[in-house]
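A.B. asks: Mind docking chain B on chain A? Use the hints.
There are 2 protein chains.
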Amino acid sequence: MSDIEDLRQSEDVQQELREVQELLARHRVVEGLVHRQEMPRHELVETLLHKQHIAELRAKLDRLHPADIAFILEALPLDERLFVWDLVKADRDGEILLEVSDAVRETLIEAMDSHELVAATEQLDTDEIADLAPDLPSEVMQDVFRALSVEEREQLRAAMSYDEDSVGALMDFEAVTVREDVTLEAVLRYLRRFDELPDHTDQLFVVDRDERLEGVLPLNLLLVTDPDEMVSNIMVAEPLTLEPDEKAQTAAQAFERYDLVSAPVVDKDRKLVGRVTVNAVVDYIRESTETEQLSRAGLREGEDIFASVWDSVKNRWAWLAVNLVTAFVASRVIGAFEGSIEKLVALAALMPIVAGIGGNSGNQTITMIVRAMALGQVQQESARVLLRKEIGVAMVNGLIWGSLLGFVAWWLYRSVPLGLVMTAAMSLNLMVAAMVGVAVPLLRQRLGYDPAIGSSVMITAVTDSGGFFIFLGLATLFLL
Amino acid sequence: MSDIEDLRQSEDVQQELREVQELLARHRVVEGLVHRQEMPRHELVETLLHKQHIAELRAKLDRLHPADIAFILEALPLDERLFVWDLVKADRDGEILLEVSDAVRETLIEAMDSHELVAATEQLDTDEIADLAPDLPSEVMQDVFRALSVEEREQLRAAMSYDEDSVGALMDFEAVTVREDVTLEAVLRYLRRFDELPDHTDQLFVVDRDERLEGVLPLNLLLVTDPDEMVSNIMVAEPLTLEPDEKAQTAAQAFERYDLVSAPVVDKDRKLVGRVTVNAVVDYIRESTETEQLSRAGLREGEDIFASVWDSVKNRWAWLAVNLVTAFVASRVIGAFEGSIEKLVALAALMPIVAGIGGNSGNQTITMIVRAMALGQVQQESARVLLRKEIGVAMVNGLIWGSLLGFVAWWLYRSVPLGLVMTAAMSLNLMVAAMVGVAVPLLRQRLGYDPAIGSSVMITAVTDSGGFFIFLGLATLFLL
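The listed protein sequences derive, respectively, from chains A and B. In terms of my numbering, the first sequence opens at residue 506 and continues consecutively. In terms of my numbering, the second sequence opens at residue 506 and continues consecutively.
Among these hints, one or two may not hold up.
If chains are identical, the list can't say which one is meant, so a pair holds when it fits in one copy or spans any two.
In the EDC-like style, the derived pairs of lysine to aspartate or glutamate whose C-alpha atoms are separated by at most 16 Å in a straight line are [unchecked claim]:
#1 K752 to D517
#2 K752 to E516
#3 K752 to E669
#4 K565 to D517
#5 K752 to D955
Note that these hints are calculated values from the structure, not bench results. It should be emphasised that the depicted structure is a prediction, and the values quoted were computed from it without experimental measurement.
Okay, chain A solo, but in the shape it has when bound (with noise of 0.2 Å):
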């Protein structure tokens, strides 16, 4: 628990960021001064200056905590990084590993040699080599694992096992156990044995002679309660229990619901294979939540703002592909009313509004719809009410803009039947919109894929070459 005593708040941590910096930035004044000859490198090596800096840079980064070592590290340009990557003593490595972006990680690993490597992976807990284990060599991990106990290889073997998104990645080996026969003064002395407890640690699991979980022994009864009460009298008999092949999103489902801070997992036989905790789960959500943001933006994944301009482009490059296609069909779309906008260029003009607001409007149904369903509550039964209800709000939409933007059409050039022709396509395209923006997801799910990925791309691609077929359309056939 001696990490307390380093937490500090977010904003102290950017002004460790600032200070790192500045020392940096002093460090690399005396490194120039060096390198444009003014000043002889022998004498460098020599000028307390220099060793000052690196010292007190040392220092800070002995007091601060992994987690704020390897914040400051995703903050520092690669060479920086690289540099105070070396300042941190070799026995921090794991640790840190463990908590910087995928992105960063890759690069630090790439700055050590087999042999740090073994070292930092082996200052860690097996469920923890195994969140490492992808990026590692693969001669790395034979040696770390030729290092571990035979219980250590087993777990490490089933850690590895799991699926990225299930329960069992989460999972970590920790879990305290007692036996259900005794006294809760027995539980107190044999905890007393221990020189510090698995951090979240608020049950302690009963299990039987063969490892089956009967039961928890919540901390808080463990402590209220009469030490001579017997654990089975006192134990919750049927806790909720997670299975390692369930997916993650259902522990967190049920951590966010039940406001838990540990929960048993076990195998088909009942046996307790290990525990889940909330900051795991705290992680998971965070990851999880931003790797949607990012490929609703068409982002693979977490960049490292610091990457090269080559791998940022090949992490961009298939969304702006697929929007290139999207994009050209609307295009031949438009290309095969050519003759009607020549005729009538005012078309060319007022297009890409009717495409624009259907576009938001279909993203706005979808967005809420594909949050519904991730929390469970759409039904297949409820779609035939959420249609009637967006093709409702999507009618009294076309109504209310559709309009304006007749009336605006009308204005700018003075037609009446352009103004309709505007008001009719503004509505249908709204409708089109609410239609597709409903069924997509459902559909998606249905044939049971992610309803969410994809579901902006495709509304968009729907609501621009129809919005500009349907206007372009009308128009040749009511206007020309």
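C.D. replies: Chain B in isolation, oriented as in the chain A frame:
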């Protein structure tokens, strides 16, 4: 802790929802028979069938956790929701009102009379009453207030005074305090006098006679240490503390970074005011990412999925109006080039591609930068590095996608100059997107605004109007 037995996996809760819907449907059938007068009303009241459904439903609701009842209420259309709400035991109303979403809470409160509301509210802790307060009629709040003790009134007044996004709003008053000059044995004896400890008690707060915080005593330490030890010897003397006026975001970052379960809240004089627990933080994280997601799609707030058409229109109009204005501006830019389009109608078909790709690329840039800023990793000094990188990415993308589209334009319209204009316009618009994508969030931050809000609208407005202007402008200069 008796609630623990009611905890369910989320699939099980969805199963419960389906069963409730089933019972409601059967109930509706009976009601329908009466309504169509195929069964006389007075007979129905006696019908075993009817009574049985109600009893079954009531029994089911009694077994469910308040959070699960809240989930079911949210997933039901208004009339069925109120029907179920009537069947819930009155002494659970308060807890359930706390759990439902704002939009659904309004519908439930509307259906209750003052007497019921006062009774429901009085079951809650003062910090919870403060959460409900904004939704309650003022005469209800006055009655509730009168029923509180002096200390509770003080707490409620304090809790209601804090800003919605402050630590004070996350705080509760259930901190368990001890003195430093006692033995752990005495602490253990003191704890046994409680019926139960407050949820999420992972540490006790060590205070002096004036309630000033001197340290914290983690239960994990209490349990593993010799009971004859003094509190002062093992307490953590300088724990992380929060202040009620700090931003909730600060607390959330500290909890995430350091994996906390609870943290003390102190005033300027280090007097202990309350504590923040991880469950409040998880709710805050969930809510704030949700709000961000909704506002990104232009929804003012979470919408009851069964809201009336009119409520939905009101929730969504603001963004559509903003979008209308930006679309109008873009339309006027095109209007300025109507002469050019008349001469070369291919321009009308190609221009949305330039605008669309620019918008997508700009959104990628801005999403990445806003996210890094939210994590505190972007200082104003990094601006130049970031700008250089983003312009680099834009140039590479301009070259790749611009050339591809230039080729497509040539292929479609057999005009080399048109292809070259297309390539140039794409590259320029991507560059504009990159610059605005970096500049807008940094500028907003420097001016003290939230960099996220409206960033997507702004960039799309610029890349639309800018894209049309660049493409049509270049075409007018070089092709006509």
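A.B. asks: Any of the earlier hints contradicted here, and which numbers?
C.D. replies: As far as the earlier hints go, not one is violated by this structure.
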